[in-house]
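Sequences and hints are given; from them, build the entire structure.
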Amino acid sequence: MNALPPTQLGTHLADRATAAAVTLRTGGSGVVLGRDDSGGLAGVALFRPEPTTGVLVGGIALAQLVAFRSLAVGAAVVVETGRPAAWQAFVNLAAGATGSITTVAHAPDEGPGTVDRPRLLVVDADSPASVEPHRPGGWSTVLTAHDRASSWNAPLLAGCDVALLHQLAPGEARVVATALNLPDAARALSGQPPGRVAVASRAGWRSVSVQLTEVERWLIRDLVR
1 MNALPPTQLG THLADRATAA AVTLRTGGSG VVLGRDDSGG LAGVALFRPE
51 PTTGVLVGGI ALAQLVAFRS LAVGAAVVVE TGRPAAWQAF VNLAAGATGS
101 ITTVAHAPDE GPGTVDRPRL LVVDADSPAS VEPHRPGGWS TVLTAHDRAS
151 SWNAPLLAGC DVALLHQLAP GEARVVATAL NLPDAARALS GQPPGRVAVA
201 SRAGWRSVSV QLTEVERWLI RDLVR
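Position 45 (the sequence shown) corresponds to 45 in this note's numbering; numbering is contiguous.
Hints are computed from structural coordinates only; laboratory data are not their basis.
Check the hints yourself; a few may be wrong.
As the list claims (entries may be wrong) - If you anchor each label on the Cβ, the simulated ranges turn out as follows:
1) Ala154 with Arg187: 14 to 22 Å
2) Gly191 with Asp109: 35 to 43 Å
3) Val224 with Val32: 16 to 24 Å
4) Ala154 with Pro108: 22 to 30 Å
5) Glu50 with Ala89: 17 to 25 Å
6) Arg35 with Ser151: 32 to 40 Å
7) Arg35 with Arg225: 18 to 26 Å
8) Ala169 with Gly99: 34 to 42 Å
9) Val32 with Gly204: 18 to 26 Å
10) Asp147 with Pro112: 27 to 35 Å
This one's a predicted model, so the numbers in the text were calculated from it and none came from an experiment.
In this text, a Cβ means the ideal position worked out from N, Cα and C, and glycines have one as well.
Structure below.
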């Protein structure tokens, strides 16, 4: 038998059955959104052991991008929307006949998911009347998507775990900064170029450069509001 090279971790011998049972988990909850300022991959912890709520401000294209990239980590996606025609082509092409993503008029509360099969409910909310509270379970996320930020959805922003923000107007940026208690961020949030998305919470925010793949451009076209 050839000698194994020494390592800082030491060497452990095992039979084939034991070795085959060893798995490496790399998190599974991070949805890659783009790249940070240093060029590294920037993910969003969209799925967590505890129930998670998110708010997206920036239009249907960004909501579809997040839904599509959530499919890549094994999520089951449900879209609650009053404008199904705006989603239908995307849903049909994104998952085919697998049923991994569906649209409904009114979604029930999400039950718990798992680390390998988290659940994402996208609430496409284009008016105050369209927003009803949902109670997600563990490894389950409710992402409420708004076309714009205003005083009526500020309470949702204030209570969310994560916010995804794209091309905010100055007035929207002030609403978001106040809701998330980030008073010094308003000007910077409104100055983000079209290809960048702000990932924010009450703990702070960061800017992510988003580039669509060829498949995503085919599905979504452009990331515009």
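Just pull the numbers of the violated hints for me, sorted ascending.
-> 5
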